[in-house]
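Undergrad: This is what each chain is made of:
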Amino acid sequence: MTSIAVTGGKGGTGKSLVATSLATLLSKNIDDLVLVDADLEGPNDHVILGIEELENREPITLFLPMIDTTKCTRCGVCVKICDTGALFMAGKAYPIVFPRLCSGCKACYYACPYGAIRGAGHILGYTYVTPVCFGGRCFKLVTGMLIEGEEHTPPGVYRTLQRALELKPELLIVDTGAGTGNAVSMGFRDSDLVIVVTEPTPLGAHDLDSILEVTDAMNKQVWLVVNKYGIGDITILETVLRRHRVEKIFHIPYDKAVVEAYAYSKPLIIHYPSSPASRALMKISDELMGWIKH
Amino acid sequence: MVRIAFPTEKGGLEDNIYPRFGRAPTFTIIDIEKKQIKNVKIVENPGYRASGGAGVKAVQLLANEGVEIVMGPTPGPNAYFALNNAGIKHYPVQGLNVKEAVEAFLREDY
Ligand code: SF4
Ligand code: SF4
Numbered sequence: 001m002t003s004i005a006v007t008g009g010k011g012g013t014g015k016s017l018v019a020t021s022l023a024t025l026l027s028k029n030i031d032d033l034v035l036v037d038a039d040l041e042g043p044n045d046h047v048i049l050g051i052e053e054l055e056n057r058e059p060i061t062l063f064l065p066m067i068d069t070t071k072c073t074r075c076g077v078c079v080k081i082c083d084t085g086a087l088f089m090a091g092k093a094y095p096i097v098f099p100r101l102c103s104g105c106k107a108c109y110y111a112c113p114y115g116a117i118r119g120a121g122h123i124l125g126y127t128y129v130t131p132v133c134f135g136g137r138c139f140k141l142v143t144g145m146l147i148e149g150e151e152h153t154p155p156g157v158y159r160t161l162q163r164a165l166e167l168k169p170e171l172l173i174v175d176t177g178a179g180t181g182n183a184v185s186m187g188f189r190d191s192d193l194v195i196v197v198t199e200p201t202p203l204g205a206h207d208l209d210s211i212l213e214v215t216d217a218m219n220k221q222v223w224l225v226v227n228k229y230g231i232g233d234i235t236i237l238e239t240v241l242r243r244h245r246v247e248k249i250f251h252i253p254y255d256k257a258v259v260e261a262y263a264y265s266k267p268l269i270i271h272y273p274s275s276p277a278s279r280a281l282m283k284i285s286d287e288l289m290g291w292i293k294h
Numbered sequence: 295m296v297r298i299a300f301p302t303e304k305g306g307l308e309d310n311i312y313p314r315f316g317r318a319p320t321f322t323i324i325d326i327e328k329k330q331i332k333n334v335k336i337v338e339n340p341g342y343r344a345s346g347g348a349g350v351k352a353v354q355l356l357a358n359e360g361v362e363i364v365m366g367p368t369p370g371p372n373a374y375f376a377l378n379n380a381g382i383k384h385y386p387v388q389g390l391n392v393k394e395a396v397e398a399f400l401r402e403d404y
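Just so you know, the sequences run in chain order A and B. Okay, so the first sequence: first residue is 1 according to the working numbering, each after it adds one. Okay, so the second sequence: first residue is 295 according to the working numbering, each after it adds one.
If you're looking for bench data, these hints aren't it; they were derived computationally from the structure. All of these numbers come straight from a predicted model, not from anything done at the bench. Among the clues, some could well be false.
Computed footprint of chain A on chain B, listed as stretches where at least three residues anywhere in the stretch have a Cβ under 8 Å from a Cβ of chain A [as the list claims (entries may be wrong)]: (1) 334 to 348; (2) 351 to 363; (3) 384 to 391.
Capping the alpha-carbon separation at 30 Å, the derived lysine-lysine pairs in DSS-like fashion look like this [what the hints assert, rightly or not]: (4) K80/A with K304/B; (5) K256/A with K266/A; (6) K80/A with K383/B; (7) K332/B with K92/A; (8) K92/A with K383/B; (9) K140/A with K28/A; (10) K92/A with K335/B; (11) K92/A with K328/B; (12) K335/B with K80/A; (13) K328/B with K304/B.
Pairwise CB distance ranges, derived in the manner of DEER restraints [as the list claims (entries may be wrong)]: (14) I336/B with S210/A: 48 to 56 Å; (15) I81/A with P386/B: 31 to 39 Å; (16) P202/A with P313/B: 23 to 31 Å; (17) R279/A with P386/B: 53 to 61 Å; (18) G181/A with E359/B: 30 to 38 Å; (19) E58/A with L400/B: 57 to 65 Å; (20) N378/B with R57/A: 33 to 41 Å.
Using N, Cα and C, we set each Cβ at its ideal position, and we do this for glycine too.
Kindly produce the complete structure, drawing on both the sequences and the hints.
TA: Okay, here's the thing in structure tokens:
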């Protein structure tokens, strides 16, 4: 299996456009391709791909403690061991649980000297597997989605990636979450190549710097895609690039068709194949195909 | 006697009330008896360095310390629930130092 991660800074850099376009293009040559939308707080690959309904839903469940008050001696051990603040005990009352804070680590369960903690499931969100076909060529989209208000993104990302791996793909493309946090780097920890999408703006340069710091530290092979090339000032990116290791640089020109494609949920590559942005994406896909074969 | 806690940075009567409840580095805990300040104690807040659940950890500390009232900025929803559960009252004050807040409390002006 080959694994490629597509990442970017804060939302809106075009990360999802690149990931969905590459999956669509590469599926022409690769049979078992899986695209993972690992942006659990706001997955949108299916929107870009024009998919109305996600399929094959499975819950992402986490361990959540339940206190058996017939056994609990109110010793407080569980409250001391919990490092997320999910257990609370006022005076000599029974401990109470804050489900939204619980990371499901089970430490309380193992620590309770009286076997008073039972496990209950806590649904964090859902994963979906949806077949996506264009012109008779298909790939699978695996989407992870948190329930609104949930804070535990990393275990959700982990489970979404697991679900994708269970499909035993030949090529895995991971569209990571936005930013550079733990939940994002988890998306590219095991990838052979990281495609970083940025735009030539001060904010883009700032985010690029922090992402490349992580990829440098992980010793990753990096290709850079500069989206909306032509607007903004490319020189701000050059200062950042001098400090990091990037193997190849591509440019996607600023293109009105991208906005239109997004507004009507029509995949750019399919509906506007001769637009400048589509051509740039095809070039990246061709190079990737060469890199995969190699 | 009543035991009141204030989120603070370094702690003490002259310190300002910290603008964030769960993330305050310390709590200054004061006992008031017969309208007089009796004891002043500064405790470190485990919520200050916590990656998550800072508010609840802070309230756990206050509950363990036997605090009855906390004066400071409005806590987050989890901390708020924990305060209610522990029967700790919350009085919103901001922009004062601890001494001024104690005085406001004694005048019942908060
Ligand atoms: S560790 Fe077990 S017995 Fe002790 S308070 Fe927690 S649940 Fe109750
Ligand atoms: S499972 Fe872990 S995070 Fe959840 S309450 Fe128990 S110790 Fe805390």
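Undergrad: Look at each hint and say if it fits the structure.
TA: Checked hints:
1. 334 to 348: This one holds; 6 residues, not fewer than the three required, reach chain A with a Cβ under 8 Å.
2. 351 to 363: holds (count 4)
3. 384 to 391: violated (count 0)
4. K80/A with K304/B: holds (25 Å)
5. K256/A with K266/A: holds (13 Å)
6. K80/A with K383/B: holds (24 Å)
7. K332/B with K92/A: Between K332/B and K92/A the Cα gap is close to 26 Å, so the pair holds against 30 Å.
8. K92/A with K383/B: holds (18 Å)
9. K140/A with K28/A: holds (13 Å)
10. K92/A with K335/B: Holds, because 23 Å separates the two Cα atoms, which is no more than 30 Å.
11. K92/A with K328/B: The given pair, whose Cα atoms are some 28 Å apart, holds under the 30 Å limit.
12. K335/B with K80/A: Since the Cα atoms of K335/B and K80/A sit roughly 22 Å apart, the hinted pair holds (cutoff 30 Å).
13. K328/B with K304/B: holds (27 Å)
14. I336/B with S210/A: 48 to 56 Å: Given range 48 to 56 Å: violated, Cβ gap about 36 Å.
15. I81/A with P386/B: 31 to 39 Å: holds (33 Å)
16. P202/A with P313/B: 23 to 31 Å: Hint holds: Cβ distance 29 Å, inside 23 to 31 Å.
17. R279/A with P386/B: 53 to 61 Å: For P386/B against R279/A, whose Cβ atoms are near 59 Å apart, the range 53 to 61 Å holds.
18. G181/A with E359/B: 30 to 38 Å: Since G181/A and E359/B have Cβ atoms about 33 Å apart, the given range 30 to 38 Å holds.
19. E58/A with L400/B: 57 to 65 Å: Given a distance of about 59 Å, which is inside 57 to 65 Å, the answer is holds.
20. N378/B with R57/A: 33 to 41 Å: The hint (33 to 41 Å, Cβ to Cβ) holds, given that N378/B and R57/A are roughly 36 Å apart.
Hint violations for this structure: numbers 3, 14, all remaining hints satisfied.
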